[in-house]
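Participant: Here is how the chains run, residue by residue.
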Amino acid sequence: MSAAALKIESLGIRFGGLLALDEVSIDIAPRSIHAVIGPNGAGKSTLVNLVTGIYAPTTGRVILDGEVLTGLPTHRIAARGVARTFQNTELFTELSARENVLIGLHRHLGYGLLASTLRLPSFYRAERDAARRADELLALVGLEAQGGTAAGDLALGQQRRLELARALAVGPRLLLLDEPAAGLRAAEAEGLSSVLLRLRDELGLTLLLIDHVMRVVMGVSERITVLNYGRKLAEGTPEEVRRNPDVIAAYLGGSPHGA
Amino acid sequence: MIARLLIFAAAAALVALPFFAPSHIVFLVAMIGSTSVMVAGLTIVVGFTGQISIAQASFAAIGAYGTAQLATMAGLPHWIGLPAIALVAAVVGYLFGLLSLRVADHYLALATMALCAIVQLLLIHLEDWTGGAVGLAVPPLAVGTRMLTRPTELYAVIMPCVALTVWFLHALSTSRLGRAFAALRMSEVAAAAIGIPVLHYKSLAFALSAFFGAFGGGLFALQTTYLDPAQFGILESVRLIAIAVIGGVLNPFGPLIGSAVFVLLPEAMGALGRYMSLVFSLLLLLFVVVSPQGIAGLPARLRARR
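As given, the protein sequences belong to chains A and B, one line each in that order. So for the first sequence, numbering that gives the first Met the number 0 puts the first residue at 0; every next one is plus one. So for the second sequence, numbering that gives the first Met the number 0 puts the first residue at 0; every next one is plus one.
Isolated chain A (complex conformation) (with noise of 0.2 Å):
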């Protein structure tokens, strides 16, 4: 088995009394997508968020390729290859959709305040890369006629898209996306699809996918945790899960938050 490109060891983190996440530890091997599932208030998003170093676990710890991250501020972690989207997306709303990902360019940009300010050649060859760059990235999501348009007036589906762009833009190793088809249309969600299997394929990006989307999750991962109440009920590949009695009860069953 090859090495796991994120490494994610008895991770747990408690608030007050609730034990969010319990020593929770998933291997992620490169290259490919893993996703978490599970319902309402399983964890996955504190989990997203500990990975990113947003918070700080209690327990256990996160590596990637060797590294260890926790501990790392989010800034750090992210200039370590570490990228994601938000689950109620989190863009600059102002912004236009360009701008946005300009944004996520910034560590790209190299000039510096004086650059900047005297207007150096540096500056204009940067700014102008950055551009182009932008524009592909918009391309690559199927934004490019909605680069002058504030983020904050794209629709919903098309704000996801432009979350997905920003978050290229950083140039990740690993793209963490915080259910990315919560709120598409059915056609959406398979546009959705296609593009997570091109980073995949094309970019050779290593991607932690959490959704509740089953015909999205099912159809792009290789492997899948499933997470209830901050614990790891079942892994295994998409039929694996799919047939584990335990998932079905959580998700149809026994669980008083529903799926």
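If you're looking for bench data, these hints aren't it; they were derived computationally from the structure. By construction, the Cβ of each residue, glycine as well, lies at the ideal position given by its N, Cα and C atoms. Treat the hints with care, since some could be wrong.
If you want the ones that stay clear, here's a sample from chain B, every Cβ over 10 Å from chain A, calculated [as the list claims (entries may be wrong)]:
#1 A2
#2 V90
#3 R178
To spell it out: a stretch of chain B is covered by chain A in this simulated footprint if at least three of its residues, at any positions, have a beta carbon under 8 Å from a beta carbon of chain A; those stretches are [claimed, not checked]:
#4 163-175
#5 185-197
Start from chain A and add chain B according to the hints.
Facilitator: Okay, now just chain B, sitting in the frame of chain A:
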């Protein structure tokens, strides 16, 4: 296009002004200029970055007193002393910005207000350095042996600084740093997830704010020629915020427009001047409600209406 013509015409008028206008008008316009430099700092921290600071008068005080005392006590010419004290203020501003790690929003407002009160107390009680409550005289700006005290001479020194400040605001807002500031304003968590060092950049915004606050304060000192602690209290900080908001916090010309209103209106009101605070309060309220982007934001707003 119209905006460009307007800017060009205004710039030409400002260059020509000292040749035909009476000297008290030249003095007033230079006062608008130095005020706008102080306000430019606020535009960066409050407008671009979306933080709150009620400490801008303190940075202006550092610049004003520093410029005066570096000349009086250390014999440093203003040409060196003013930029030097502005850089010192920037360092203080950066360190102060680190506070935003611990406090945000209302509490940041209170913390900056506390800083302002502390600095004013220091101005009163560090008598050996500041002249205490009585204040101190500012040595005039000198070139060689010649003293620049006439309004037109100060105008010729101050207005280029104002032009550079406007350019800096424009250049900043269209650079990666300016975009990162805007990102912080709209979503800190998304900015961090992109790799923007939130605390460092907030502190940088405070540092820039302090730099321009002190620089403007230094220019102001050269004009008023006498400093006392009453000029640099919390009320002055609030006045500077009001100028920033009424001018427009996201436009490079906002500070200049706001300062023009606040300097010229009391002149125009004459005997009604004692109602000034009331007028400014109402103006501030009006803009916060009707046009949060200030006067500079009005054209875009009217266009959107149509």
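Participant: Against this structure, judge whether each hint is valid.
Facilitator: These are the hints, each one checked on the structure:
1. A2: holds (18 Å)
2. V90: Consistent with the label, B:V90 stays out of reach of chain A, its closest Cβ about 15 Å off (over 10 Å).
3. R178: Given a closest Cβ separation of 5 Å, the condition is violated.
4. 163-175: holds (count 7)
5. 185-197: holds (count 12)
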